[in-house]
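Engineer: Per our numbering, the sequence shown starts with residue 561, numbered consecutively.
Keep in mind the hints are simulated off the structure, nothing from the lab. Note that the structure is a prediction, hence the values are computed from the model and not measured. Just so you know, not all the hints are guaranteed correct.
[Unchecked claim] Once the Cα atoms are required to be at most 20 Å apart in a straight line, the calculated SDA-like pairs of lysine to any residue come out as:
no.: 1; residue 1: K705; residue 2: G678
no.: 2; residue 1: K644; residue 2: G724
no.: 3; residue 1: K718; residue 2: F667
no.: 4; residue 1: K716; residue 2: D619
no.: 5; residue 1: K692; residue 2: M656
no.: 6; residue 1: K659; residue 2: E682
no.: 7; residue 1: K566; residue 2: D619
no.: 8; residue 1: K726; residue 2: E646
no.: 9; residue 1: K659; residue 2: T687
no.: 10; residue 1: K573; residue 2: N632
no.: 11; residue 1: K573; residue 2: N607
no.: 12; residue 1: K566; residue 2: D608
no.: 13; residue 1: K730; residue 2: Y715
no.: 14; residue 1: K716; residue 2: F667
no.: 15; residue 1: K587; residue 2: D606
no.: 16; residue 1: K696; residue 2: D606
no.: 17; residue 1: K573; residue 2: Y641
no.: 18; residue 1: K716; residue 2: E688
no.: 19; residue 1: K692; residue 2: T635
no.: 20; residue 1: K692; residue 2: G658
no.: 21; residue 1: K644; residue 2: P676
no.: 22; residue 1: K730; residue 2: G649
no.: 23; residue 1: K644; residue 2: E674
no.: 24; residue 1: K659; residue 2: E674
no.: 25; residue 1: K644; residue 2: V698
no.: 26; residue 1: K692; residue 2: P589
no.: 27; residue 1: K733; residue 2: E713
no.: 28; residue 1: K718; residue 2: G678
no.: 29; residue 1: K726; residue 2: Y715
no.: 30; residue 1: K716; residue 2: G700
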Amino acid sequence: MSRVAKQPISLPKGVEVAVGSDSISVKGPRGTLLVHHLPGVTVSVDNDVVNISLGEGVDHMFGGTARALLANMVTGVSTGYERKLELVGVGYRAAMQGKSLNLSLGFSHPVVFEAPEGISIETPTQTEVLIKGTDKQVVGQVAAKIRGFRPPEPYKGKGVRYAGEKITLKEAKKA
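Let's have the full structure, built from the sequences with the hints guiding it.
Structural biologist: Given below as structure tokens:
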């Protein structure tokens, strides 16, 4: 079994894991998440600790994947995930209008992005976008979609970037 799969997952207070015949559900203060069983992986819960074991002849990669998915679900329903985006450029700004994000990114038209179910989007300032949710994969996917509307360009660095992302600028053409 992989080293990752051997590590137990400790459950914080208020988080419950229910193992069904074909799926595993994790319930906590921020919501409920569900994942389907991976083939040959057995999940057992005893005294607020989740352990993963593999059946005979099963690939070891499934154990590490199952453990990582469950650990991410436990973190998501207990504390949640968030990604922060920054808008860099003259006139680039973001504003929330109900459940949709309105972005001015230098195009001739505003870009409107509808937040999917289970995701909350906030704009603390006009140049910052904060994406929050319980599912790590969905939060990252929404952040990547918004960044994809105007990725940072390599000469001036203008565009939508992750908070703390370093953009390596290219040198301009010399005369």
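Engineer: All hints, please: hold or fail.
Structural biologist: Here is what the structure says about each hint:
Only pairs whose Cα atoms come within 20 Å are accepted, and K705 paired with G678 is accepted, the gap being roughly 16 Å. For a cut-off of 20 Å, the pair hint linking K644 to G724 stands: about 9 Å separates their Cα positions. Annotation: proposed proximity of K718 to F667 holds, straight-line Cα distance about 13 Å (limit 20 Å). At most 20 Å may separate the alpha-carbon atoms for a hinted pair to count; K716 and D619 exceed this at roughly 47 Å.
Of the pairs offered as hints, the one joining K692 and M656 holds, with about 14 Å between alpha carbons and a cut-off of 20 Å not exceeded. Between K659 and E682 the CA atoms are separated by roughly 10 Å; this keeps the pair inside 20 Å, and the hint holds. Distance hint between K566 and D619 is fulfilled; the C-alpha atoms sit about 14 Å from each other, no more than 20 Å. Among the hinted pairs, K726 with E646 is consistent with the structure: their alpha-carbon atoms are about 12 Å apart, no more than 20 Å.
For the proposed pair K659 and T687, the alpha carbon gap of about 18 Å is at most 20 Å, so the pair holds. Distance hint between K573 and N632 is fulfilled; the C-alpha atoms sit about 16 Å from each other, no more than 20 Å. Restraint check for K573 and N607: satisfied, since their Cα atoms lie roughly 11 Å apart, inside the 20 Å limit. The hinted pair formed by K566 and D608 meets the criterion: a straight-line CA distance of about 16 Å does not exceed 20 Å.
Of the pairs offered as hints, the one joining K730 and Y715 holds, with about 5 Å between alpha carbons and a cut-off of 20 Å not exceeded. A threshold of 20 Å between alpha carbons decides the hint, and for K716 with F667 the separation of about 17 Å falls inside it, so the pair holds. Pair hint K587 plus D606 holds up; C-alpha atoms about 16 Å apart against a cutoff of 20 Å. Proposed proximity of K696 and D606 is contradicted: the alpha carbons are some 25 Å apart, above 20 Å.
Straight-line distance between C-alpha atoms of K573 and Y641 comes to about 18 Å, which keeps the hinted pair within the 20 Å bound. This hinted pair checks out: K716 and E688 have alpha carbons roughly 19 Å apart, not beyond 20 Å. About 13 Å separates the Cα atoms of K692 and T635, which keeps this hinted pair within 20 Å; it holds. Distance hint between K692 and G658 is fulfilled; the C-alpha atoms sit about 16 Å from each other, no more than 20 Å.
With a C-alpha separation of about 17 Å, the suggested pairing of K644 with P676 holds against the 20 Å cut-off. Note on K730 and G649: the hinted pairing holds, with a Cα-Cα distance of about 17 Å set against a maximum of 20 Å. This hinted pair checks out: K644 and E674 have alpha carbons roughly 17 Å apart, not beyond 20 Å. For the given pair, K659 sits about 6 Å from E674 by alpha-carbon distance, which is consistent with the 20 Å threshold.
Simply put, K644 and V698 have alpha-carbon atoms about 14 Å apart, close enough for the 20 Å limit, and the pair holds. Under the criterion of a C-alpha separation no larger than 20 Å, the hint pairing K692 with P589 is consistent with the structure, at around 15 Å. Proposed proximity of K733 and E713 is supported: the alpha carbons are some 15 Å apart, at most 20 Å. Distance hint between K718 and G678 is unfulfilled; the C-alpha atoms sit about 30 Å from each other, more than 20 Å.
Restraint check: the Cα-Cα separation between K726 and Y715 comes to about 13 Å, which is no more than 20 Å; the hinted pair holds. For the given pair, K716 sits about 25 Å from G700 by alpha-carbon distance, which is inconsistent with the 20 Å threshold.
Violated hints, listed in ascending order, are 4, 16, 28, 30; each of the other numbered hints is respected by the structure.
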